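Listed in order, the protein sequences are those of chains A, S and V.
Under my numbering, the first residue of the first sequence carries the number 2, and numbering increases by one thereafter.
Under my numbering, the first residue of the second sequence carries the number 749, and numbering increases by one thereafter.
Under my numbering, the first residue of the third sequence carries the number 376, and numbering increases by one thereafter.
Hints listed in this document are in silico derivations from the structure and should not be mistaken for laboratory results.
Careful, some of the hints might be misleading.
Residues from chain V shown here face chain A by an in silico Cβ test under 7 Å; the list is partial [claimed, not checked]: (1) PHE474; (2) ALA510; (3) ASP615; (4) GLY667; (5) GLU669.
On a predicted model such as this, the values are computed, not experimentally measured, just so you know.
The C-beta atom is built at its ideal place from N, Cα and C for all residues, glycine as well.
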Amino acid sequence: MPVTVKTFTSTNEAAAALSSDRSARYLGGGTLVMRALNEGDISISTVVRASDHALTRIDTGGSRITLGAGVTYARILADRDLGFLHAPARSIGGPAVRNMGTVGGNLFAPNPYGDFTVAMLALDAVVSVQGGLGSREVPIEEFLQSRDRQAGTLVLAISFAKPGNAEAFRYRKIARIKPKGGAVITLAAYLPVNGSRIVGARVALGSMAPTPIRARAAERALEGRSLDASTIDAAAAAAVEGTSPSDSAIASAWYRREIVSVHLKRLLSGQE
Amino acid sequence: MAKTPLQFRHNGREVAIFVDGGTNLLVALRELIGDMTPKFGCGQGGCGTCSVLIDGELHLSCLTLAETVTGRSVETLDGIKDGPNLHPLQRAFADNFAAQCGYCTPGMLMAAKALLDRNPSPSRDEVVEAISGNICRCTGYEPIINAVLAAASGGRARA
Amino acid sequence: MLELRKDLFADERDDNLKEIGKGTQRQDMLGHVTGTSPYFDDHKLQGMLHLKVVRSEHSHARLRRVDTSEAERSQGVRRIIRGSDVPHNLNTLLSLINFGKDDEPSLAVDKVRYKGEPIVAIVADSPREAFEAIAKVKIDYEPLPAVFDVEDALKPGAPVVNEVYPKNTFTYHETYDRQQLRFGDVDRALASADHVLEQRYQMSPIEHAPTETNGSIAAPDTNGRYIVYTSTQALFFSVDTCAKILDVPSNTFHFIGGTVGGGFGGKVDTLTEPLCILGAMLTGRPVRYVFGREEEMQYGPPRGAERIYIKDGVMRDGRVVARKVRAYFDSGAYTRLSSYAAVKCAAHLPGPYTIPNVYGDIYCVFTNRTPATAMRGFGVTAMDFAIECQMDKLAHLVGMDPMEFRILNSYRDGDMKAHRREAKNTALIECVQVAAEKAKWPLRDEFKRMSSRKDGGGIRAAVTLTPRETHAPPAAALQQRTTYDRAPAATREPPPPPSPPPPSSPPTPRPNAPAHGAARFSSVFGTRRR
Chain A
2 MPVTVKTFTS TNEAAAALSS DRSARYLGGG TLVMRALNEG DISISTVVRA
52 SDHALTRIDT GGSRITLGAG VTYARILADR DLGFLHAPAR SIGGPAVRNM
102 GTVGGNLFAP NPYGDFTVAM LALDAVVSVQ GGLGSREVPI EEFLQSRDRQ
152 AGTLVLAISF AKPGNAEAFR YRKIARIKPK GGAVITLAAY LPVNGSRIVG
202 ARVALGSMAP TPIRARAAER ALEGRSLDAS TIDAAAAAAV EGTSPSDSAI
252 ASAWYRREIV SVHLKRLLSG QE
Chain S
749 MAKTPLQFRH NGREVAIFVD GGTNLLVALR ELIGDMTPKF GCGQGGCGTC
799 SVLIDGELHL SCLTLAETVT GRSVETLDGI KDGPNLHPLQ RAFADNFAAQ
849 CGYCTPGMLM AAKALLDRNP SPSRDEVVEA ISGNICRCTG YEPIINAVLA
899 AASGGRARA
Chain V
376 MLELRKDLFA DERDDNLKEI GKGTQRQDML GHVTGTSPYF DDHKLQGMLH
426 LKVVRSEHSH ARLRRVDTSE AERSQGVRRI IRGSDVPHNL NTLLSLINFG
476 KDDEPSLAVD KVRYKGEPIV AIVADSPREA FEAIAKVKID YEPLPAVFDV
526 EDALKPGAPV VNEVYPKNTF TYHETYDRQQ LRFGDVDRAL ASADHVLEQR
576 YQMSPIEHAP TETNGSIAAP DTNGRYIVYT STQALFFSVD TCAKILDVPS
626 NTFHFIGGTV GGGFGGKVDT LTEPLCILGA MLTGRPVRYV FGREEEMQYG
676 PPRGAERIYI KDGVMRDGRV VARKVRAYFD SGAYTRLSSY AAVKCAAHLP
726 GPYTIPNVYG DIYCVFTNRT PATAMRGFGV TAMDFAIECQ MDKLAHLVGM
776 DPMEFRILNS YRDGDMKAHR REAKNTALIE CVQVAAEKAK WPLRDEFKRM
826 SSRKDGGGIR AAVTLTPRET HAPPAAALQQ RTTYDRAPAA TREPPPPPSP
876 PPPSSPPTPR PNAPAHGAAR FSSVFGTRRR
């Protein structure tokens, strides 16, 4: 069966087309769906697009930042208000991929990709998806846990509370090829400080499980403490807890487990 | 099979074609328009050899659904010469031995052009960043970086 | 930047050179920078069809049943090709030079021996329709135990990968299960050495990853011939391979190639042309068969894996007196070019050093991995890695500077090499000296004064006493004959006996002529003097 392309102006119609057809995929920047078609994935026979401008909107005005699902990494890099997200945006692909790939698509990117989603997870983002009667908000962690079943979901936007202090957000991607390459692992942390103590620590890891995950044990080691050497050591030691990395051409599961604490330590201690 | 009509500017010239559903821009350019300058290397966004400019922005034609360029301007290596004269980047690539097998060259040149069009005197690091999505397996990247720097205005790197 | 050290060996050269040392533009550069160099895929032919293959899901399995009936009815399918459609469905690449037995089908018939082995080819109007038909081919596999490790493959009771070579090793000269090098008495030298160091090295397969994937386009020409645009690195080799597989004279084909989007050795296997041409023959239409990137990376042949054991004897003064090497080349499921890699490896031992006692056993082993092929110095690269790691470790062991240690052991003009040829045109000492100078690595004066042209020969030219091995090598099955063999079996000479000098002969200093048939490998490498 040949591929049919359906383009809608409203996200509502696009969502309906997606949910009614198991062979339908939503086309954002093309870096996942076109890749699958090029490699001969015949499970996709309908490509759905939506031209609603809301999908490409960036809203940094209020206390929450909202990124439309169709916002590209190049747009984020061009936005001064999103400076704290420049590191994750720049860590993805080369310029062409950054001109095409979108933050919505990144939610679906399998390992070793999906670096931006690791950043979103550390920021405890909320994913807006198109439901039958308007949009529905899904916590990102819940979204990722059920990602296998989300192929027919239309993501509208992703939003998160603006970090009180840009320094509180940290990001690190470990790749063998510089400046571009699939991740060995990806780490992001959000460490808001109240007085001298961390309150509400969040640490997210990429390529350490089938989807990006939170490193809860490391978060517990950080919570309520000041970010000193012993806290950093304790968090780093706990980094591997609850992870389930896989072997891939980029790195073995063993190697990923070995290095995650090293890199979390460097991330927390601010080393390059 | 239902075909979709598609009209866009190809190297400054209006073109109109009919594409099958799901056709990517690389196939449309090569097989329907006959512009063989963009190459297939991976179909995955990993190699950059299919790079073209869409409205002046660097894109991977193999990951671009052809019909999304309707009404837009697509520029390939075939369009960068000035009449019979080579573009300064083409001249610099030739003079600096920046091609061996030549297969990555069309994508490299387009990535370099995307850079120089908005930043005429880039630093070495900016050149490295600009071609970071393009894989070369033969000459190594040094002659390519040197060629881009040589083509940039003044020809001197800011380091 | 390029620097020519004309001070070295200046008296041996005519330096009145017109090209060397001067920049010369490539003849294809203008085509490259304008994107007009003609790669195989840059040909758009009227009514072109697309060929894709169904690949094995198993590393080792018997094919109980292959059902293509549903695929044949799939939309856009023009032709399904099975092994029985291939006129000569068994080949080995080097049969063209009468080396090795036919061991690899174009399309698997009764068994698959590696994951990704082609079983069925589908020719369809579009790539999408070919992919859809692939999904409709039903294959009933009977999985067999697989072996992925070269040493496991040689153990008794190991699964037989390829019935053509039931011992899982390539057969040399219809007799030997390995390449053997015997020079001097390595065991005695090891026993009397001050230090012995035994180490294990291995290298994983390496993919060439050319930016252009393997592929070809074949089309019926107006004169009954077929025009073939191909990515091959070995055009005439591919022509003859296709002629053999398709059982037609080679002038049936007009091959056009030469502009290759990166090869590095990965485009010498004639992977796509035979099926592509057969598709054109069977449909009467142009057919294009191009690897996708995953196919290229997963099933395109890599540089083969190697495992190497080196046991060296070294004296306190730094002289390496014995080197015993056992190496296994992982050929994957079929020979391709790995048999030749093992020959190159044996010829390269013990590296560029003068060692009086050398022993080498080099095996070309079959496993259920992707068949390996040529890649940039294959047969030598991993062995050099192992030897040079070993040299560093030996230097450390005897407390010597690693650069000086290499200079001390370097071969010099007039020395006898382990395969009983006199070393000439040697230049390793000068290489190490220049490398040390460039790296600002201090060398003692006596090492700076050493030269490849001094102190060679004499006792270093001796063919050391080599004990004869008593056990007869196991006889292998007779070479399979093909029409491509140049001589009928009966007229072939029996394999030469392993022919070191008799144990009674004393070490002869510097023989005048190379003995032991070494002249067979007569110099394709130029001579500097003599």
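Hints versus structure:
{"no.": "1", "hint": "PHE474", "result": "33 Å, violated"}
{"no.": "2", "hint": "ALA510", "result": "6 Å, holds"}
{"no.": "3", "hint": "ASP615", "result": "32 Å, violated"}
{"no.": "4", "hint": "GLY667", "result": "6 Å, holds"}
{"no.": "5", "hint": "GLU669", "result": "6 Å, holds"}
When each numbered hint is compared with the structure, violations occur for hints 1, 3.
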